[in-house]
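There are 4 protein chains.
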Amino acid sequence: MRTQNKKKILNDPIYGFINIPDQIIFDIFEHKYFQRLRRIKQLGMSHLVYPSAVHSRFSHALGATFLMGEALNTIRYKGTEITKEEREAALLAILLHDVGHGPFSHALEYSLVKDVSHEKISLLIMEKLNIKFDGKLSLAISIFKDEYHKRFLHQLVSSQLDVDRMDYLRRDSFFTGVTEGAIGTQRIIKMIDVVDDNIVIEHKGIYSIESFLHSRRIMYWQVYLHKTVLVAEQLLMSILRRAKEVSKNGEVLFATPPLAYFLNEDVDDKLFEKDENALKNYTLLDDYDILAAIKTWAYNAEDKVLRDLSERLINRRFFKIEYSDKEFSFARLKKLKKLTQEKLSISEEDLSYYVFTDHTSNYMYSNEGGSIDILFKDGKVKDIANVSEQLSVAKLKKPIRKYFICYPKEIL
Amino acid sequence: MRTQNKKKILNDPIYGFINIPDQIIFDIFEHKYFQRLRRIKQLGMSHLVYPSAVHSRFSHALGATFLMGEALNTIRYKGTEITKEEREAALLAILLHDVGHGPFSHALEYSLVKDVSHEKISLLIMEKLNIKFDGKLSLAISIFKDEYHKRFLHQLVSSQLDVDRMDYLRRDSFFTGVTEGAIGTQRIIKMIDVVDDNIVIEHKGIYSIESFLHSRRIMYWQVYLHKTVLVAEQLLMSILRRAKEVSKNGEVLFATPPLAYFLNEDVDDKLFEKDENALKNYTLLDDYDILAAIKTWAYNAEDKVLRDLSERLINRRFFKIEYSDKEFSFARLKKLKKLTQEKLSISEEDLSYYVFTDHTSNYMYSNEGGSIDILFKDGKVKDIANVSEQLSVAKLKKPIRKYFICYPKEIL
Amino acid sequence: MRTQNKKKILNDPIYGFINIPDQIIFDIFEHKYFQRLRRIKQLGMSHLVYPSAVHSRFSHALGATFLMGEALNTIRYKGTEITKEEREAALLAILLHDVGHGPFSHALEYSLVKDVSHEKISLLIMEKLNIKFDGKLSLAISIFKDEYHKRFLHQLVSSQLDVDRMDYLRRDSFFTGVTEGAIGTQRIIKMIDVVDDNIVIEHKGIYSIESFLHSRRIMYWQVYLHKTVLVAEQLLMSILRRAKEVSKNGEVLFATPPLAYFLNEDVDDKLFEKDENALKNYTLLDDYDILAAIKTWAYNAEDKVLRDLSERLINRRFFKIEYSDKEFSFARLKKLKKLTQEKLSISEEDLSYYVFTDHTSNYMYSNEGGSIDILFKDGKVKDIANVSEQLSVAKLKKPIRKYFICYPKEIL
Amino acid sequence: MRTQNKKKILNDPIYGFINIPDQIIFDIFEHKYFQRLRRIKQLGMSHLVYPSAVHSRFSHALGATFLMGEALNTIRYKGTEITKEEREAALLAILLHDVGHGPFSHALEYSLVKDVSHEKISLLIMEKLNIKFDGKLSLAISIFKDEYHKRFLHQLVSSQLDVDRMDYLRRDSFFTGVTEGAIGTQRIIKMIDVVDDNIVIEHKGIYSIESFLHSRRIMYWQVYLHKTVLVAEQLLMSILRRAKEVSKNGEVLFATPPLAYFLNEDVDDKLFEKDENALKNYTLLDDYDILAAIKTWAYNAEDKVLRDLSERLINRRFFKIEYSDKEFSFARLKKLKKLTQEKLSISEEDLSYYVFTDHTSNYMYSNEGGSIDILFKDGKVKDIANVSEQLSVAKLKKPIRKYFICYPKEIL
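Protein chains in written order, with my numbering: chain A, -18 to 393; chain B, -18 to 393; chain C, -18 to 393; chain D, -18 to 393.
If you are wondering where the hints come from, they were derived from the structure by calculation, not from laboratory data. Any given hint could be a false lead.
Since the list can't tell identical chains apart, any single copy or any two copies may satisfy a pair.
[To be verified] Once the Cα atoms are required to be at most 20 Å apart in a straight line, the calculated PhoX-like pairs of lysine-lysine come out as:
#1 K59 - K185
#2 K113 - K376
#3 K261 - K126
#4 K251 - K285
#5 K(-11) - K185
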């Protein structure tokens, strides 16, 4: 019974029970780098629109790992060999695929740090863990970096139809209550097979794939890029940029030590390589550092702009946001800035925190990420974009770009 | 408390509880014409593929009535007047919309009867009930026939986005377990409004409508027109046609009295009007008459062909079916017939029961049924086909036609 | 790929996908004896109260087989050996455990046949199949009869906590919509282990077992023994008894051949052994024979009583039923009979079809069926009845008996 | 359309859509006192065992408000008058019933503050809001305090079967994935009625009430008082008590301003009445203040004990906890303390943070909270404890008390 001590079963409201199958996976699961994900919300600000969507990146990582196990079972059952080591490595790769995410990841990447992607940091952390665990993560890292010859293992971790997407679409749909976004993970996984080291989907699963693409589109516009979510993220970015500026100008802001580090240092890609303090502080940072600070700034920051922006976030006095298919004119922007300057007595140089325009876009399906391949009964493999009876190829591949402009509601 | 006696609450695994709101609706609900729907499976032969899909037209009618109540509540809440009488009539119209369905409706309409649509019979039955209930169904009939000036009430009963479709997609998806076919009925209904006496959907519900169209497509090809379902229906049609022919030639087949009536009479459109026996027998006919007979024919029919066909249905020895986007050639058909004749010793004249070709088709969206209209914030109303960012208009409106050919597996 | 042809995946709205794992199981599944269960409703008359509860014994058998597979996986994982042959046999035993059920089983066993239990017939059918399939069911039969030395395999098929009960409680709760009856099958199965060849439940699963017992109680009184369900079953028994009597007196009733056999023969236990026609006809009998006949008798039986009783069933004009904790007095019965005789002009000898009293009872937990054993961390095993902090031992074991009396509503 | 601006619909994964029905409710909903509940987890530390159980008190308050609306509809429908004002007040009372909860409420009430119940603070906050909103909450406060003559309104807010419990059992079961804890809220609410100003449940709902009590028991022992949850809460209490002691001794700990206030002040019942800073700081405090501080103390507190305890919480190095039905002996405690002192070099005076014993208890059903009354068909009303056929009265009312002892795992 000794060996059972380390075995763990976790409850998941979506899949029921999730097993932690072996020792090294359990050890990684218990490590503080992975446990940090408990304190990072999967959907950042989306809970402001969908109150129950406060689930963590931790639960998503576990869910994706569960689906990986299911997918590997299916593939093995259909006759493709997967060794015990490969199985363990693939599970580790997906367990850790998001370990490099920071709090409110999207906003953070454009404010507190520069040119630092979470994938890169995931890799840095995996390598650190690999040293600590005597090279037991080497194969997982190789799969994660797409350097392993059985490429389908990488595709399960990262591609247009990976278990990452399968879990997050299902999970985010579940917790937001946007039932239209739900996907049939079980059916998709039963239809997975491997041909020439590539993941393919049996032809009779084609409707499930169409549903998957359709759900993805819905979740993007209804949840991830929902107006209120976007405007809250933009406000958060304004706050963090301002806090950084204010800090550089010498004001000592209330902050936990790791947040203080990022407020005071110019952290980019390269710094992570040359200064280990960057990664050390990054792995200490989570939603709690960010929100505890902003809540405090809302009443005790000396800088009027930072105080005002923070107070807006906490009390949900968001900017007005407008969406458009076309770029907003310079004239419009200028007019809104002028109005803001007058009504709110904001100095000209601070206006960029209050009035700004940008765009957001998303693909439903992109060939850059590789295709989703359908396996026909005669053994032929074809890209879904070419065989769907329902989806428009042109529309599928065309990025949908939406422009937006933000400004304080009070100026209306 | 006397008045509560007639109030009824029914359990539904999908919506929870369904109330029967008033006396006349309760009386119609209790009437044998409506209760007959308990004995007619909503999906005919589909349970041969999806074992749990044995739900009845009765439960669908109740579900659609529940959704009608919800839709009327939403419309009232948004400011469109609906009188108590109109509400009751709309509920009655949807409760009875399918009351004219026969057992295995689709197969029946092409074999036992000729040119008799279930809508027409629904109307005949409603009119008969109207006489019995002293004209209390007059307004319901007017709505059902689209003669009432508030046309949106008819649209809720019958249009491209009626509560009939909403319930059956949701219900059929639930009982088959084809989760991809599930639709967000609650969200769609919350988005319903009325403009110029027409049902419209608020713009923010556009994704739910796209999902609805998408689900419909999936359910058609994955369930309603599934190969095995189709081939079973074709076999059923062969059986009923043969039974009719055999009866005309004088063999007295085992049959319940109402089934005997349809085997011996040429029942068409006009007969329903001139001979009340047609309707009388029709309202006695359900799945039990059909299957009890076929089960018996499988071993005691004198006619060899009828016995063989019946036995195939009961023991699931279905024909082979092939699908194609193109018509099957006359040569192919001829060759298969020849093979069948040789191997199975079927006489030439009986071959048409064993080898045949036909086609099936379905629209995802058709302008004939009226458009699904989206209400924009500026008050403009536009057809979904013109504003969807995702669905291809051309593909939406193009009927998907699939040709099929059937023949005994044994000849291979 | 040739071997895959026989592999089958079935959709289930409860468990998702159910695999048919190997050749012999597939062959049994396809056999007409098993397919007959498609035409027998799991809950007989309960759909008159719960309209969606029309699911078949076929889907229950599949569900129980799925749970058996899961339970065997858990037991193996925890270290108890189960050979490939034992696994297959256990799956076959549960697949066929209910194959001997007739239509409306409970009512039938007290009217059409005498002293014939469905378990006995299940065994007869298994033995017949065993001959046909060259002894491949021998081990399954041995497990079914509890003659195999690994007794836990039999316990999984039949005991107080078998996969039969687990599936039917879950399934019946699902389709009736009585959510309180739902049980956590997944958790119970994860907690299963084997000690000394007996099934035990790990101590941390004790709440799930309490829930299981609690749900069982709910389902009994809310569904299986619901007043309307019971009264409908009683009426059905009256009809079948009357039909049998009438047939003996020489009236030739409309009936399918197998039903005619049971109307005309005195079928009991012994007949099944000496006359193979008994079993042959039994395996042809299902819900369709019974209801097609009763529907017909409702208007064309010459016998007035049979016609009246049949018409009451079809049009839901059920008797009034009263429940009581005490036996109904002879005086009460007599008085009701007298009233009925006067108001409905029923002859004295026929009164027993219209006015009668009986009782029904159920145990929540009975030691006859063996105990449900809890495995403590220290390795000790104890009966749940002795360790539950919540359930009353006395109440658990005390049968709840309810007396009822039925009579026509019209006499009130 | 102007009036619609304020109307809000929220998505809930459990109930679907939740409407905010009118202006004052919307204004309270938007107020920062209520929005603070977004940042307080409903289940405190339970997510350490059930990873998805991170839902907030905010979503619970909305859910309970939804159920209140449903319950009031049922009661009105059954003939008890509820005025528009009473309806609004009851909705406000339940919306705000938990507004006085602090972060990790249970732990907090025994460490940071003294003798301050969240009910009392809820009332203080309501009264403050009442001033701000010109007395519009007066009736809600009267209901909350049980001073209003229609006492059933208070019972819906707070009693043994209130909508608070109904929502939290359902919600906590949903997010933990402990399916056995799910209750049939819809059925219970349909069965609610009012007799003599008291909430009663119609007799046919008795099984649902038994299920409710049963689920409550399950959730207590499986979730709320789960070993790991309890030991984490105990550790949190140790940390906060230590932090308070350390602060008093002069160490300036990292803390947000509101947390600093509670570390430095002796806040009790009376202080809330005489110093408005107490309430002001309390309404600024949430999970983020607590965890941001503890995360920081884990590496930068000077006090060794605080640093160690904090580090244990963050990295899940919990104490060992043992449960027992009997009190732990003084000798055992002494021995464990001695071992701890030796192995971990903890000073004698600090041992109480590391080794301690206490007990926890819960009632399944208590007469103090009033009874749950069942309404029989003959109009009689009886306490469930006296009429349940299944539950043991004695067991129901007996508090289950469990003793526990905690100590560092390392000493083993």
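Against the structure, the hints:
1. Taking the shortest alpha-carbon separations for K59 and K185, only the intra-copy value of 15 Å comes in at or below 20 Å, while the best inter-copy value is 36 Å.
2. Taking the shortest Cα distances, K113 and K376 never come within 20 Å of each other, neither inside one copy (47 Å) nor across copies (53 Å).
3. Taking the closest pair of Cα atoms, K261 and K126 never come within 20 Å of each other, the shortest separation being 23 Å inside a single copy and 52 Å across copies.
4. Taking identical chains as interchangeable, the C-alpha atoms of K251 and K285 are never at most 20 Å apart, the minima being 33 Å within one chain and 36 Å between chains.
5. Within a single copy, K(-11) and K185 get their C-alpha atoms only as close as 36 Å, which misses the 20 Å cut-off; across copies the closest is 14 Å, which meets it.
Checked against the numbered hints listed earlier, the structure breaks hints 2, 3 and 4; every other hint is satisfied.
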